[in-house]
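Number of protein chains: 2
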Amino acid sequence: MGSPSPGFNPQPIRGILLDLGGVVYVGKDQPIPGAVQAIRRLRDTLHPLRFITNTTRRSHSQILRDLAKLGLDVAPEELLTPAQMARAYLSAHNLSPCLLVHPNLESEFADMATGSHDAVVVGDAGHSFDYEHLNTAYRKMIDGAELIALAKNRNFQDDDGQLSLDAGPFVVALEYASGKTATLLGKPSPDFFALAVQSIGCAAANVVMIGDDVESDVGGAVSAGLQGLLVRTGKYRKGDEIRLESTDIMVQDSLVEAVAFLDSACSHLG
Amino acid sequence: MGSPSPGFNPQPIRGILLDLGGVVYVGKDQPIPGAVQAIRRLRDTLHPLRFITNTTRRSHSQILRDLAKLGLDVAPEELLTPAQMARAYLSAHNLSPCLLVHPNLESEFADMATGSHDAVVVGDAGHSFDYEHLNTAYRKMIDGAELIALAKNRNFQDDDGQLSLDAGPFVVALEYASGKTATLLGKPSPDFFALAVQSIGCAAANVVMIGDDVESDVGGAVSAGLQGLLVRTGKYRKGDEIRLESTDIMVQDSLVEAVAFLDSACSHLG
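Protein chains in written order, with the working numbering: chain H, 36 to 305; chain U, 36 to 305.
Next comes chain H alone, as it looks inside the complex:
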């Protein structure tokens, strides 16, 4: 079923990380054609699988429910989100969150104990990104709060098929205003990839990350020692693959072709 792409690194694949938006579905309820079947096939071939998303407009449990509606039963421990990283980070650093996130995500931080210092936590707040909320966050930072970015993606493919502003532009706005640098917890943070690799239980070089974001998904994975596979669905735009410094990535038209290609590569490698 086709030969490996130029630049494909023929390390045996023992685990797969899947991005969600733009790879499995668009706008949370429109599956990419053939994607659900492709994931079932991955499960049938016993490839250990984790879903790793930068989506911060829905809670962990909402995402699981939306996947179930698509016909994908995903266990809670199979889905990794930046909010989980943030909870661990806030606890470890004794920080109180000042949330600049989507209303859907606030519940994930409801039980966080009050820490000794403040941290502004920025996710994709959508229409909550208004002057009032951003200025309040900025003033918190002047008063000493640090800045935590759940993600720094530039854009995402919106329900109308066009690109819309993601959390990243608002994170850099607050960085510029305050002179502080955000701690990034979502992709492409190496710590986030490491957590996912650790939960699979094999070496990073044997894990492939499949995503539609050339920077956060694919470039980030390669930088963290994983293999990266870019799909031409979702937010992918022509020429994205040449924006990466590394040419050591795989590119396939969609998750369907990606799974077929990995099957072929694995059998090719014996």
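Hints are not guaranteed to be accurate.
Given that identical chains are not distinguished, each listed pair holds provided it fits within a single copy or across any two copies.
Unchecked claim - Quick list of in silico lysine-lysine cross-link-like pairs, DSSO-like style, CA-CA up to 27 Å:
#, residue 1, residue 2
1, Lys63, Lys175
2, Lys104, Lys215
3, Lys63, Lys104
4, Lys273, Lys104
5, Lys175, Lys273
6, Lys273, Lys215
7, Lys175, Lys215
8, Lys215, Lys63
9, Lys63, Lys273
Hints are computed from structural coordinates only; laboratory data are not their basis.
Take the given structure of chain H and dock chain U to it, following the hints.
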């Protein structure tokens, strides 16, 4: 009345540029104590004077009216604003403006002829900086519009005395999202300082810029070949002067001390 500051460049001063917000007044109607009298004194000593502001929350004529209310009669040609620069730039480049500015500023662009290409024009839009407006501007840029920044200031001193987000953070947000670089028309653009110097009609080295923004006013002026004088009013915060690479600037407590110092320096130089 005091000796020149360390680093003061003893070029004869033949013209003065004055920032407005934070130097002459706070929140447009509260004059800095003694500032109005100090400006009258500058006029009496026949120092050619221009007001050069990055304020984009009010139109040129509104600013003149607000200055008149403070007791300062300023001729239209004595006040330089980024919107004037933008009108000239749009005409010269045959561009249609897509405005992301404060409602007060829209009238300044009402008669602009429709150009062949679009340009997103960003000023300090205040509460008009919401997700909807920013996303619309971003999508215009995806479709090919260039980005024009009336100013890129990080913050300004708001009516409540605290710092608030200025246009700069939103300009960098759109730059980050789009991968494009904004054309900056307000301070610290060298072209803007050059226009002001030209209207005075002397060499840049003989003009001093007095401002409370260490980057846009003072650093920008020095980079453009002018002299720079930082006042410790308005948005000034302790230690701002050491943020500049150039140490060749003057620092005074307020416009009152600045004028006294320049008088002293001028008489000292004969």
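Hints violated by the structure (listed by number, smallest first) | 2, 4, 8
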